[in-house]
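J.: Chains as they are written, first to last, in the UniProt record's numbering: chain A, 1 to 462; chain B, 1 to 462.
Some hints here could point you the wrong way.
What the hints assert, rightly or not - For lysine-lysine, the following DSSO-like pairs were computed, each having C-alpha atoms within a straight-line distance of at most 30 angstroms:
1. B:K109 / A:K414
2. B:K320 / B:K344
3. B:K421 / A:K110
4. B:K421 / A:K190
5. B:K271 / A:K7
6. B:K110 / A:K421
Honestly, the hints are just simulated from the structure, not real lab data.
2 protein chains.
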Amino acid sequence: MEQVVIKDLYEKKEHGEETVTVTGWLKTIRSTKRLSFIEMNDGSCLQNVQVIAEADLENYEEISKLTISTTIQVTGTVVDTPKAQQPFEIHASAVKVVGQSDEDYPLQKKQHSYEYLRTIAHLRPRTKTFYAVFKIRSLVAFAVHQYLQEHGFVYVNTPIITSSDAEGAGEMFQVTTLDLDNVPKDDQGKVDESKDFFKKETNLTVSGQLTGEAFALALRNIYTFGPTFRAEDSHTTRHAAEFWMIEPEMAFADLHDVIEVIEGLLQSVIKYVLKNAPDEIQFLNDHVDSELINRLEATANNKFEKITYTQAVDYLLESKESFKYPVKWGIDFQTEHERYLCEKVFQKPVFVTDYPKEIKAFYMRNNDDGKTVAAVDLLVPGIGELLGGSQREERVAQLEQKIADFNLDPESYKWYLELRKYGETEHSGFGIGFERLLMFVTGMENIRDVIPFPRTPGNAEF
Amino acid sequence: MEQVVIKDLYEKKEHGEETVTVTGWLKTIRSTKRLSFIEMNDGSCLQNVQVIAEADLENYEEISKLTISTTIQVTGTVVDTPKAQQPFEIHASAVKVVGQSDEDYPLQKKQHSYEYLRTIAHLRPRTKTFYAVFKIRSLVAFAVHQYLQEHGFVYVNTPIITSSDAEGAGEMFQVTTLDLDNVPKDDQGKVDESKDFFKKETNLTVSGQLTGEAFALALRNIYTFGPTFRAEDSHTTRHAAEFWMIEPEMAFADLHDVIEVIEGLLQSVIKYVLKNAPDEIQFLNDHVDSELINRLEATANNKFEKITYTQAVDYLLESKESFKYPVKWGIDFQTEHERYLCEKVFQKPVFVTDYPKEIKAFYMRNNDDGKTVAAVDLLVPGIGELLGGSQREERVAQLEQKIADFNLDPESYKWYLELRKYGETEHSGFGIGFERLLMFVTGMENIRDVIPFPRTPGNAEF
Numbered sequence: 001m002e003q004v005v006i007k008d009l010y011e012k013k014e015h016g017e018e019t020v021t022v023t024g025w026l027k028t029i030r031s032t033k034r035l036s037f038i039e040m041n042d043g044s045c046l047q048n049v050q051v052i053a054e055a056d057l058e059n060y061e062e063i064s065k066l067t068i069s070t071t072i073q074v075t076g077t078v079v080d081t082p083k084a085q086q087p088f089e090i091h092a093s094a095v096k097v098v099g100q101s102d103e104d105y106p107l108q109k110k111q112h113s114y115e116y117l118r119t120i121a122h123l124r125p126r127t128k129t130f131y132a133v134f135k136i137r138s139l140v141a142f143a144v145h146q147y148l149q150e151h152g153f154v155y156v157n158t159p160i161i162t163s164s165d166a167e168g169a170g171e172m173f174q175v176t177t178l179d180l181d182n183v184p185k186d187d188q189g190k191v192d193e194s195k196d197f198f199k200k201e202t203n204l205t206v207s208g209q210l211t212g213e214a215f216a217l218a219l220r221n222i223y224t225f226g227p228t229f230r231a232e233d234s235h236t237t238r239h240a241a242e243f244w245m246i247e248p249e250m251a252f253a254d255l256h257d258v259i260e261v262i263e264g265l266l267q268s269v270i271k272y273v274l275k276n277a278p279d280e281i282q283f284l285n286d287h288v289d290s291e292l293i294n295r296l297e298a299t300a301n302n303k304f305e306k307i308t309y310t311q312a313v314d315y316l317l318e319s320k321e322s323f324k325y326p327v328k329w330g331i332d333f334q335t336e337h338e339r340y341l342c343e344k345v346f347q348k349p350v351f352v353t354d355y356p357k358e359i360k361a362f363y364m365r366n367n368d369d370g371k372t373v374a375a376v377d378l379l380v381p382g383i384g385e386l387l388g389g390s391q392r393e394e395r396v397a398q399l400e401q402k403i404a405d406f407n408l409d410p411e412s413y414k415w416y417l418e419l420r421k422y423g424e425t426e427h428s429g430f431g432i433g434f435e436r437l438l439m440f441v442t443g444m445e446n447i448r449d450v451i452p453f454p455r456t457p458g459n460a461e462f
Numbered sequence: 001m002e003q004v005v006i007k008d009l010y011e012k013k014e015h016g017e018e019t020v021t022v023t024g025w026l027k028t029i030r031s032t033k034r035l036s037f038i039e040m041n042d043g044s045c046l047q048n049v050q051v052i053a054e055a056d057l058e059n060y061e062e063i064s065k066l067t068i069s070t071t072i073q074v075t076g077t078v079v080d081t082p083k084a085q086q087p088f089e090i091h092a093s094a095v096k097v098v099g100q101s102d103e104d105y106p107l108q109k110k111q112h113s114y115e116y117l118r119t120i121a122h123l124r125p126r127t128k129t130f131y132a133v134f135k136i137r138s139l140v141a142f143a144v145h146q147y148l149q150e151h152g153f154v155y156v157n158t159p160i161i162t163s164s165d166a167e168g169a170g171e172m173f174q175v176t177t178l179d180l181d182n183v184p185k186d187d188q189g190k191v192d193e194s195k196d197f198f199k200k201e202t203n204l205t206v207s208g209q210l211t212g213e214a215f216a217l218a219l220r221n222i223y224t225f226g227p228t229f230r231a232e233d234s235h236t237t238r239h240a241a242e243f244w245m246i247e248p249e250m251a252f253a254d255l256h257d258v259i260e261v262i263e264g265l266l267q268s269v270i271k272y273v274l275k276n277a278p279d280e281i282q283f284l285n286d287h288v289d290s291e292l293i294n295r296l297e298a299t300a301n302n303k304f305e306k307i308t309y310t311q312a313v314d315y316l317l318e319s320k321e322s323f324k325y326p327v328k329w330g331i332d333f334q335t336e337h338e339r340y341l342c343e344k345v346f347q348k349p350v351f352v353t354d355y356p357k358e359i360k361a362f363y364m365r366n367n368d369d370g371k372t373v374a375a376v377d378l379l380v381p382g383i384g385e386l387l388g389g390s391q392r393e394e395r396v397a398q399l400e401q402k403i404a405d406f407n408l409d410p411e412s413y414k415w416y417l418e419l420r421k422y423g424e425t426e427h428s429g430f431g432i433g434f435e436r437l438l439m440f441v442t443g444m445e446n447i448r449d450v451i452p453f454p455r456t457p458g459n460a461e462f
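Work out the full structure, taking the sequences as your base and the hints as a guide.
T.: So, in structure tokens, the structure goes:
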């Protein structure tokens, strides 16, 4: 008798009727007087194993009435079944009940809506769909780390609690230890911040980029990979209040280097998932998004397109599509424009570069034309904008001017300017919304369904 | 002419007087009328390269007066210097000034205290010590991911904003979008939480364990690796308000499995760092902690000791040491006790198991003796407690009793109990304070010096 996991059983091509013991959860059961067919899963892989328990087992009556999600320990013989749907099954010589599951277990065999499953986020990873999604989430995260580490990037944990607003925009969550029932006030009747934990107002970070730049200007190639927050009252399928960002930053690098790293990183991540989660990807292709495998393979194996913003506007103006939002030079593209470009014009991921400076962040580097900045967005089929990056403004005088133009407080950016004052250095970076990438890689259409415990307005359960 | 990085120059054993171009920051300069010796670094590795610029260069006067941290682009011939301290140097044919550094650059050649360097956290990674520390931080993080992924663990991002307190203890930061100058109140004069972003009081997580358990009971082996928070007014060298935790959780696993994974993980991580950061470790051994390499090699290559809490108490009672805190069965060990056990009694890392239930968390599994729980702490030389874990109480009745004994609100733990109601399953896990591990691996004695931008009471700059 050998304790095994189901994954190892599937990895063996042939079984010699060996006796094994498997412990896991009962997923389905069909019983007659003579025998029970049990499907069980032990978490080691997506697939269940079929167990056949016959009536001569001494606790057969107990077995035949087992409830879904009961923990069982099965000992039996592994028998190959080349003609059946599953490649092998276990003929049980003993089924021990480890932990009964109550009969009101919510995940009975019928289909459940994603909306309902979100209300039981502590149980939904027990479904095949969410098992697949969260396994892939883990693999994508690891593939990102692996690619960047192999390419000399240093992982930096930029701060979560911050006293600055990285982009001068974005609504933020405040972090405090003050008693909200009884907020201490100063002489002017304003909040007495000296009584707060950090002795000043602090917020949850919206981006690790600016502090990341400080590290790139010492360690050359760095990346952050951590949670970021937006207190926006958004109820769309693409926005969450808490999400993870990957933000690589490179010294001695321009916009072309950024584009090269993005393409290399994305293609490598997709190949890693296709190789390491074939069953999960196939399951999602069969049940969630029938275009998934095609899209992933096309993305992994073809060079991305590259056009300028101005060219993109021309493509949109020449098109016969009737867009809801009218197109002219200077607009911020809407999802309909982005998807038209990558789905209709090019049928592949498209880098769009050199956006008007007014619609991009203050830290992006001015181009010589006086109108645009060295920015890039990547548009992908099925989603639109997947990520964005830019060359950073490294010239002290230009950066000071932009801080003024954007009505930002120069005092807050003193340290950020010092990064340039002490040796101006060309540098560039980009940011990937991890969950948006996961939606692309899994085919899930709601960001709430790729986050273990999603946080949205009015929702912070668990 | 070839654009190269300094790391690649060091990796080549011999140089054939090839012409290269290197871009980086000037670290030191000594000039005479005839020539300048420049040390420069480009962030690709810890080492600088020495550049020799002679007076026949057309901008020699400019070169000879360059300030520290100026960005320069050097073109020249790589010449091996087997008899000198450095294995090679670059004889410059051109030195282009890319970005001047202001003369008030704070990191002049003299030594600076760690206290001072914390006030310029945006510049301190430019020093060799912090370059080494933060490079190692990145490698340790990656080694943790790699070991766990290779052993079938699934990475789970548990929520940062939470409406529950994972351990029923620990002071927490509140997260809010309410206007603190004008907090909305209800009829009773209490905070009107329905006006807050999540329509309830929310806090920053102190641990991802409980939600992690939900995933282990579906995906079998999982781990979290993310930021956690404590709003404790601690001013010690071992406490920060924001720190990262690694929390693996395993279904179908008992305390012995936990001990095995901890030992395997730590030894693998240390070997990875010794192999991938030999220069950084040597630098820290030379300048920060002369015991570092000995300690790391001993930890990586010897089996850890294992004793029970009761045995540990006996060792302490039998010792001739005069402890500040008196010893008797039932006490929570102090650092002096922990260090005595691993440094004096065993001279190696020691697992201590089966602690009195009163001094451990509610979720730890009761042993049959009625007095202790299936908990484990790992004590390491130089630090004391490095991490802790336990078998989790999976029996519904016992867990309900413990929630009552610890005066916790059963309603808040309803979902946590459901993880057991729907199939009781033996499971176990542990938590590593990432920064405490880094102090062990780098020899740095203050937690503020292993965190890029540390957050402590009164301190949230940048």
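J.: Now tell me, hint by hint, if it's right for this structure.
T.: These are the hints, each one checked on the structure:
For the proposed pair K109 of chain B and K414 of chain A, the alpha carbon gap of about 23 angstroms is at most 30 angstroms, so the pair holds. Proximity of K320 of chain B to K344 of chain B is assessed by CA-CA distance (about 11 angstroms); at most 30 angstroms being required, the pair is judged to hold. Proximity of K421 of chain B to K110 of chain A is assessed by CA-CA distance (about 20 angstroms); at most 30 angstroms being required, the pair is judged to hold. A threshold of 30 angstroms between alpha carbons decides the hint, and for K421 of chain B with K190 of chain A the separation of about 50 angstroms lies outside it, so the pair is violated.
About 29 angstroms separates the Cα atoms of K271 of chain B and K7 of chain A, which keeps this hinted pair within 30 angstroms; it holds. Proximity of K110 of chain B to K421 of chain A is assessed by CA-CA distance (about 20 angstroms); at most 30 angstroms being required, the pair is judged to hold.
The structure is inconsistent with hint 4 alone, although it conforms to all the rest.
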